[in-house]
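Sequence lines, in order, name chains A and B.
Reminder that position 48 of the first sequence reads as 48 in the numbering used here, one-by-one numbering, no gaps.
Reminder that position 129 of the second sequence reads as 129 in the numbering used here, one-by-one numbering, no gaps.
It cannot be assumed that every hint is accurate.
Unchecked claim - Result set (PhoX-like, lysine-lysine): computed pairs, CA atoms no more than 20 Å apart in a straight line: (1) K232(B) <-> K307(B); (2) K28(A) <-> K614(B); (3) K516(B) <-> K60(A); (4) K514(B) <-> K73(A); (5) K516(B) <-> K66(A); (6) K514(B) <-> K60(A); (7) K73(A) <-> K262(B); (8) K148(B) <-> K73(A); (9) K385(B) <-> K28(A); (10) K278(B) <-> K340(B); (11) K612(B) <-> K60(A); (12) K615(B) <-> K711(B); (13) K27(A) <-> K612(B); (14) K385(B) <-> K340(B); (15) K66(A) <-> K27(A); (16) K674(B) <-> K627(B); (17) K614(B) <-> K641(B).
Think of the hints as simulated: they come from the structure by calculation, not from any bench.
Being a predicted model, the structure only gives us computed values, none of them experimental.
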Amino acid sequence: MKKILLTAVITMFGLTASAKEKEKVAKKDTAEFKVGMHCQGCVNRITNELTYTTGVTDLKVNLNDKTVWVEYKPQKINADSLFSKLKSMGYTVEKK
Amino acid sequence: MTLSVVLIMFLATLKGIVFGESNDPIPNAYVSVIGSDKGTFTDSDGRFILEDSISTNSEIVVEFAGYKSDTVAMTPTREFKINLRPISLETVTVSAKNGLSNMRTTLIQTQSIGVGEIFRAACCNLSESFQTNASVDVSYSDAATGAKQIRLLGLSNQYVQMTVEKIPAFRGLAMPYGLSYIPSSLLSSIQISKGSGSVVDGYDAMSGQINIELKKPQNTDRLNVTGFIDSKSMYQADALFSHRFSDSTSTLLFAHYNGEIKCGDGNDDSFMDMPDTKQVNIFNRWFASRGILRQQVGVKYIGERRKSGQMDDMPNPYKVTVNTNRFEVFTKDGFIIDPKKNRSVGIILSASYHDMESIYGRIPYDANELYTYLNAIYQSDLNEKLELKCGLNEVIDNLDEKITSLGSSTNERSIGAFSELTFKPTKKISAILGLREDHINTDSWFTTPRLHMMYSPTEEIQIRGSVSYGSRTPHLYAENPSLLISSRQIILAEELKREKSWNYGVSAQWTNDKSKYEPSISAEWYYTDFKEQMLVNFDVDPHLIIVSNLEGRRSFSNTAQIEASFKPFRGFTLTGAYRHTTVKQPLVNGRLIQKPLTGRNKVVATAGYETKLKKWQFDFTAQCNGKGNMPKPDEENPLWKKTYDAFTLFNAQVARHFRYLDIFVGCENIGNFKQKNPIISAEDPWSDNFDGTMIYGPIEGRKFYATVKYKIDYK
């Protein structure tokens with residue numbers, strides 16, 4: 001019985017580790033946009049919106065350069081969707 | 001240093017964004033169309049929308065407290081920008097700014113604590129909002145009631161002018177428990193000004209002013225529900241609803257309840273560590289805008305029951321009960337006469353009624369206080385370099401007290417006039433000269449002068465200096481009911497006089513926002529020199545408290561503080577502060593000694609890390625409090641030591657932010673430090689040696705807590 005339990009635990013850890021490994025090696029893409037931002041308010045609004053968008057893993061919004069840099073999981077979202085999202089918020093957007 | 005508005009016209013609808021210094025958005029700026037009832041407030045991102053409001057000859061006005069209003073003519077321009085100048089540097093507040101910041105635009109040295117900073121540690125109410133702040137100390141007043149007092153520049157509550165949106169608060173009877181009357185969910189921001197504040201707000205700030213901004217209906221969430229529970233069995237729940245009937249009318253309703261599941265005795269001294277407190281707090285406020293009129297009205301009720309003392313299973317237990325009912329009402333009316341010259345009239349009217357019934361052992365203390373406040377302010381630009389504020393002020397304070405069978409009544413009425421000039425000869429130099437003349441029926445006419453200066457050679461550096469005078473009327477029992485939790489005999493040696501002091505201060509700060517490390521350093525020195533003071537002396541005899549006037553003797557507070565912060569890498573912030581405080585009073589045969597229970601040294605260090613998308617936030621705070629003096633013990637039979645040792649408190653918190661939900665989990669006082677024997681002769685509270693007033697550190701130990709916040713905002 002002990003052996004069965006031990007094997008089960010090892011298998012579970014093995015599967016978890018394998019899943020985590022796969023997650024780690026899963027490729028992340030980046031996209032950068034030129035966005036018609038005016039002020040810190042725009043920065044906050046874009047940050048709040050993209051932070052909770054599924055698939056986004058990192059974000060840098062630069063007011064001086066008027067750029068939005070996004071790191072994302074390509075299996076969950078793509079650059080076109082991010083472009084549309086920024087556009088739907090009322091900003092002028094260009095892909096860089 | 002400028003407030004800018006970017007406007008984009010879309011047919012008949014006007015959209016825009018209001019922002020100020022460092023491109024920070026300005027929430028709650030009021031944008032209205034001249035000659036119509038159309039108006040709206042900017043949201044938390046500084047954005048506004050005015051529907052169907054623009055015609056060819058329309059003009060809009062943008063207004064925000066502390067900045068000069070400006071008028072913008074509607075032209076076919078698709079996008080344009082205007083700049084506004086600050087009008088009175090001393091009153092600028094950036095209420096929505098998160099975190100802790102030394103404000104660079106304020107002429108009076110001011111530190112702003114935003115919502116983000118408030119929630120870096122466990123925070124149920126206002127008293128817990130200063131845990132990461134080196135300037136303000138919060139400590140228990142006694143070992144039984146859970147009453148907390150704050151200290152600024154080493155001086156206690158009485159000398160700090162507390163205001164809620166510039167209306168005097170927590171005075172008289174409300175002072176001992178007032179810090180628990182504002183639940184954290186209602187807080188928007190806190191501004192701490194050291195030295196005396198502006199003469200516009202009154203004469204009674206002696207060591208500084210703490211102003212509390214509450215959530216406002218025009219710019220808060222639609223719904224905000226909060227639940228809190230800790231391992232000491234305290235729980236709290238509150239709900240905030242706001243509704244915008246139109247762009248010009250909105251309301252907010254807030255309801256709060258907190259209580260204890262059970263009260264324990266962790267140190268086995270037979271006394272409850274914390275009182276069994278139940279509080280109901282209901283607040284409703286309205287905002288309306290009609291033409292040139294901006295109006296706010298609010299009503300508040302607080303009902304609180306505190307029960308503490310010995311556990312029920314003790315024979316003939318010593319009990320403390322404090323039952324409070326408090327009602328508050330206020331109106332604030334602003335009339336904008338000429339936006340181009342920043343000419344306006346403001347009238348603040350408030351009233352509160354505080355009724356308290358309490359018993360401390362065998363001593364009943366019942367009191368009620370009716371307080372009314374009127375402040376009428378006229379302000380205008382005299383020219384490009386000179387701004388004027390002047391007005392009239394009336395305060396009526398009727399306090400009735402009854403201790404055992406002895407009753408007393410204080411009816412104080414003060415009427416005064418004030419004038420304040422803000423002078424900006426160059427961009428680098430500015431000054432405020434304030435003067436007020438008041439008459440109090442219990443004393444006579446008196447003058448309150450105040451001078452604040454700032455020199456800012458570059459945008460990164462500010463050097464400030466101030467000289468100011470303050471005065472106040474002391475209320476021995478109303479403000480210090482903790483004295484009754486003792487067998488010491490209280491001897492009131494003479495009729496108490498009004499307290500008076502001069503405050504002198506200099507400070508310098510340097511901030512570099514352009515560096516990726518965002519470093520900042522500040523240094524300050526403040527000296528408060530009392531000319532008259534109520535001395536509460538525990539050092540003459542261990543069985544006596546002698547209360548007397550200063551009467552020409554010396555008493556002072558001397559404080560120096562340095563503070564620094566920087567961000568070593570992305571998401572990580574480190575801050576450190578050191579403060580040295582000397583508070584000396586003539587307590588032993590007229591000889592100046594360091595005031596008991598006032599440590600000389602304090603070090604605060606905080607570390608905060610937030611992940612890339614700020615969904616996770618980790619905070620750690622260490623607070624080292626230096627050693628200090630205890631009141632003098634009996635030489636033949638010492639029941640306590642002459643001094644207490646330094647102690648360090650550690651707090652940690654993890655926060656997880658979701659779109660509509662915030663979860664905070666943390667631990668306070670991780671090292672489980674507790675003051676040993678906080679109550680002298682706890683085993684026999686009816687003896688001559690009983691004393692629960694000598695508190696220098698935490699009474700309860702380690703505490704785990706969890707807070708959940710659910711919010712729905714306006715889109």
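Outcome of the hint check:
1. Distance restraint check for K232(B) and K307(B): the Cα-Cα separation of roughly 16 Å lies within the 20 Å cut-off, and the hinted pair is therefore satisfied.
2. Under the criterion of a C-alpha separation no larger than 20 Å, the hint pairing K28(A) with K614(B) is consistent with the structure, at around 19 Å.
3. For the hint pairing K516(B) with K60(A), the CA-to-CA distance comes to about 14 Å; that is within 20 Å, so the pair holds.
4. For the suggested pair K514(B) and K73(A), the alpha carbons sit about 31 Å apart, so the restraint of at most 20 Å is broken.
5. As the CA atoms of K516(B) and K66(A) are separated by approximately 18 Å, the hinted pair is consistent with the 20 Å bound.
6. For the suggested pair K514(B) and K60(A), the alpha carbons sit about 16 Å apart, so the restraint of at most 20 Å is met.
7. Our distance criterion of 20 Å between C-alpha atoms is broken by K73(A) and K262(B), whose separation comes to about 49 Å.
8. Simply put, K148(B) and K73(A) have alpha-carbon atoms about 50 Å apart, too far for the 20 Å limit, and the pair is violated.
9. For a cut-off of 20 Å, the pair hint linking K385(B) to K28(A) is broken: about 56 Å separates their Cα positions.
10. Between K278(B) and K340(B) the alpha-carbon distance is near 50 Å, which puts this suggested pair outside the 20 Å criterion.
11. Proposed proximity of K612(B) and K60(A) is supported: the alpha carbons are some 9 Å apart, at most 20 Å.
12. Pair hint K615(B) plus K711(B) holds up; C-alpha atoms about 16 Å apart against a cutoff of 20 Å.
13. Distance restraint check for K27(A) and K612(B): the Cα-Cα separation of roughly 18 Å lies within the 20 Å cut-off, and the hinted pair is therefore satisfied.
14. Distance check on the hinted pair: K385(B) and K340(B) sit about 15 Å apart at the alpha-carbon level, within 20 Å; holds.
15. Restraint check for K66(A) and K27(A): not satisfied, since their Cα atoms lie roughly 27 Å apart, outside the 20 Å limit.
16. The suggested pairing of K674(B) with K627(B) holds, with an alpha-carbon distance near 15 Å, which does not exceed 20 Å.
17. For the hint pairing K614(B) with K641(B), the CA-to-CA distance comes to about 48 Å; that exceeds 20 Å, so the pair is violated.
When each numbered hint is compared with the structure, violations occur for hints 4, 7, 8, 9, 10, 15 and 17.
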